[in-house]
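Take the given structure of chain A and dock chain B to it, following the hints.
Heads up: the protein sequence lines correspond to chains A and B, in order.
Numbering-wise (the UniProt record's numbering), the first sequence opens with residue 1 and increments by one.
Numbering-wise (the UniProt record's numbering), the second sequence opens with residue 1 and increments by one.
Quick caveat, the hints were computed from the structure, so don't treat them as lab data.
C-beta atoms are modelled at their ideal positions from N, C-alpha and C, and glycine is treated no differently.
Keep in mind that the hints are not guaranteed to be accurate.
[Said to hold, decoys possible] Partial selection, computed: residues in chain A whose CB lies under 7 Å from chain B:
(1) P35
(2) V38
(3) N131
(4) G132
(5) T133
(6) A139
(7) V142
(8) E344
(9) I345
[As the list claims (entries may be wrong)] Dumping the calculated PhoX-like pairs for lysine-lysine here, alpha-carbon to alpha-carbon at most 25 Å:
(10) B/K133 x A/K42
(11) B/K79 x A/K42
(12) B/K132 x A/K42
(13) B/K281 x B/K262
[Claimed, not checked] Computed spacing ranges between beta-carbons, pair by pair:
(14) B/R78 x A/V265: 52 to 58 Å
(15) B/R78 x A/V55: 36 to 42 Å
(16) A/G227 x B/Q202: 52 to 58 Å
(17) A/V55 x B/H177: 44 to 50 Å
(18) A/V161 x B/N3: 51 to 57 Å
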Amino acid sequence: MESPVVYFKDLFSGRLHSKKAGSRGVSDAVSRQQPFVVMVRKEVADHIRSWRFIVLLILIVLTFAGAMYVSLSNLKAAVSNENDPDRLFLYLKLLTATDGSLPPFHIFMSFLGALLGISLGFDAINAERNNGTLIRLLAQPVYRDNLLLAKFVSALVVVAVLFLSLSLLMIGGGLIITGVRIEGAEFCRILSFVVLTVLYVGFWLSLAILLSVKFRQATTSALTAIGIWLFFTVFYRIVVNMIVKSFFPDPNFMAQEDILFYNNVILDLLRLAPSQLYTDATTTLLMPSVRSLGPLTMEQMAGAIPSPLSVRESILIVWPQVSGLLAATAVCFALAYFWFMRAEIRT
Amino acid sequence: MENAIIELEGLTKFYGSLKAVDNLHLRINAGEVFGLLGPNGAGKTTTILMMLGLTEPSGGMARVCGFNATKDPISVKRKVGYMPDSVGFYDNMTAFENLSYIARLNGIPAHDVYHRVQEMMELVGLGAAMHKKTSAYSRGMKQRLGLADVLIRQPEVIILDEPTLGIDPTGVKEFLHLIRQLSRQQGITVLLSSHHLHQVQQVCDRVGIFVGGKLLAEGDIHQLSQHLFSEEAYLVTITVKDALSDTTAWESMLLQMEAVKKVTASGNTIEVSCTGNITPKLVRFLVEKGFDIMGVHQKEYGLEEIYQRYFDNNLTENVSHGKSSGLFQRSFFRKTAQ
Chain A
1 MESPVVYFKD
11 LFSGRLHSKK
21 AGSRGVSDAV
31 SRQQPFVVMV
41 RKEVADHIRS
51 WRFIVLLILI
61 VLTFAGAMYV
71 SLSNLKAAVS
81 NENDPDRLFL
91 YLKLLTATDG
101 SLPPFHIFMS
111 FLGALLGISL
121 GFDAINAERN
131 NGTLIRLLAQ
141 PVYRDNLLLA
151 KFVSALVVVA
161 VLFLSLSLLM
171 IGGGLIITGV
181 RIEGAEFCRI
191 LSFVVLTVLY
201 VGFWLSLAIL
211 LSVKFRQATT
221 SALTAIGIWL
231 FFTVFYRIVV
241 NMIVKSFFPD
251 PNFMAQEDIL
261 FYNNVILDLL
271 RLAPSQLYTD
281 ATTTLLMPSV
291 RSLGPLTMEQ
301 MAGAIPSPLS
311 VRESILIVWP
321 QVSGLLAATA
331 VCFALAYFWF
341 MRAEIRT
Chain B
1 MENAIIELEG
11 LTKFYGSLKA
21 VDNLHLRINA
31 GEVFGLLGPN
41 GAGKTTTILM
51 MLGLTEPSGG
61 MARVCGFNAT
71 KDPISVKRKV
81 GYMPDSVGFY
91 DNMTAFENLS
101 YIARLNGIPA
111 HDVYHRVQEM
121 MELVGLGAAM
131 HKKTSAYSRG
141 MKQRLGLADV
151 LIRQPEVIIL
161 DEPTLGIDPT
171 GVKEFLHLIR
181 QLSRQQGITV
191 LLSSHHLHQV
201 QQVCDRVGIF
211 VGGKLLAEGD
221 IHQLSQHLFS
231 EEAYLVTITV
241 KDALSDTTAW
251 ESMLLQMEAV
261 KKVTASGNTI
271 EVSCTGNITP
281 KLVRFLVEKG
291 FDIMGVHQKE
301 YGLEEIYQRY
311 FDNNLTENVS
321 HGKSSGLFQR
331 SFFRKTAQ
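So that you can see chain A by itself, here it is in the shape it has in the complex (with noise of 0.2 Å):
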């Protein structure tokens, strides 16, 4: 540390500085990233390298690969079935079709999605707070909202590279296998459900930034994301369940309109769980014969052909289902942003 002031020669000067600055300006605005994307591609590298992620990543594509096999091995039989309207539509068939030995892709993705998305957020803000590192990265000229904002962006970006690689792989996969052409119809289907997927991540992703805000401790925030998630895929059907059972007349004695009303009641109460919302949302988009996703009377079904919906006629039906996501996802980072904002960051 001897003579440090060497150093400094003109690095302190403003004036000097600013000389410089005025000289190279238009370089300088190329080579200077917003501290956005510093944020945002920082961030993305710390998930990759993370054990975590990787950990999540093998998970992922072996259950993808899993129910890819049980697919492939009952493609035959699903697409020579004559009764089925969607027979014909081969590589979203790759991804639904099942032998009841493993439950398809898309459904494990209700279970799998969210332990992802829980899993690359629960701990975003406050391990960095007891790290020390918050209040420092918080010290420098940069908005809060950005960092937020940087956390739920690069976790995205990932998920979104992810669930888009392995449908493109999966896509290459059976052109090689089957040597079938893809529709536009099918490809725009397959993209969809990726996005929904993506979405459906980042409803749970932003549910575990904002315990993360609220909770000091990196693992209560997990266990309490996770108690979150455990609720609504294991006991709120059964909660649910009770609930009509104690309240709701018995079906024995009702008019055919009440027992739809009552359905479609017991529907929307499923409905507020929202990987009810997703699993619905995939269902429809990967069979496009799926017209509904309640109950329908036989009005309404009177002259209708059993044939396969238009992409543009399944994604009116889950539009509902998007928007309700989309909703949530909102709901829980606007929470998040409010508390982190005026928040005291201190250690």
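What follows is chain B alone, placed relative to chain A:
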């Protein structure tokens, strides 16, 4: 005052009913090294956080480099480097990566980052350990890395919260020397919070004593001691050979001398408190009176006494507030200064 770079006007912060910072007025001039001195839980860190806009004040305003820290924290943070009391780094990254992340966040152009980081690491004496992971760093090394982290964006003001915590004595000396030198040569303003009196005494131009959320006194060491010990800036203890008998006669004569404030005699020692340095005069007087002087001791008040004095004054009332770590639960300070 001319050219104040940090201005705090009536800054107040409540935590619930606890007043952490109480109506604080403070001006720090450009290019000066200011020491914020106070015990744990005095509100030093809270004040610093408010200056950086990391905490909202309950009242008053903090103005740093001409910007309102609460409303425009980004402009303030562009000019101010802050080192928290416990610096943390990303353990899975090397020191170099940690520092270049901060450099990029501060908008240093990509082609400059490498050189700048290398320069800084060498400056703080970590050139050899540059590519080690920070998890392998010792406390002192992290502290130095923290300084590099603050300096890399070429700040106008440096705020250091307990910067010497956990460094060995030689390290502290080098560290403070470096800070002092930077401030002198580059005109950087330094605000330094600490509870280590001697370190503050070594480097600071001015000192503010901060207790229970209030700034009790500010000024340089000399001003402080005058302000506080205006009655008895000097204490002269004179030891004589024989036990003192009849004292009243010469005591009143002593008291008539100007500058003498108080005389106490017991056994064979005489203690004289006075406002000016009149030791020779006292000795001459006593010699003339026929005393055999064995020893003369003149006491001057340093920062230690100043500090002690403030705390002693506040010991009388036990209000438990502040960071309630077991040691400090019996809090020393009452909210209102004497």
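- Item | Hints breached by this structure | Of the numbered hints given earlier, the structure breaks none, since each of them holds.
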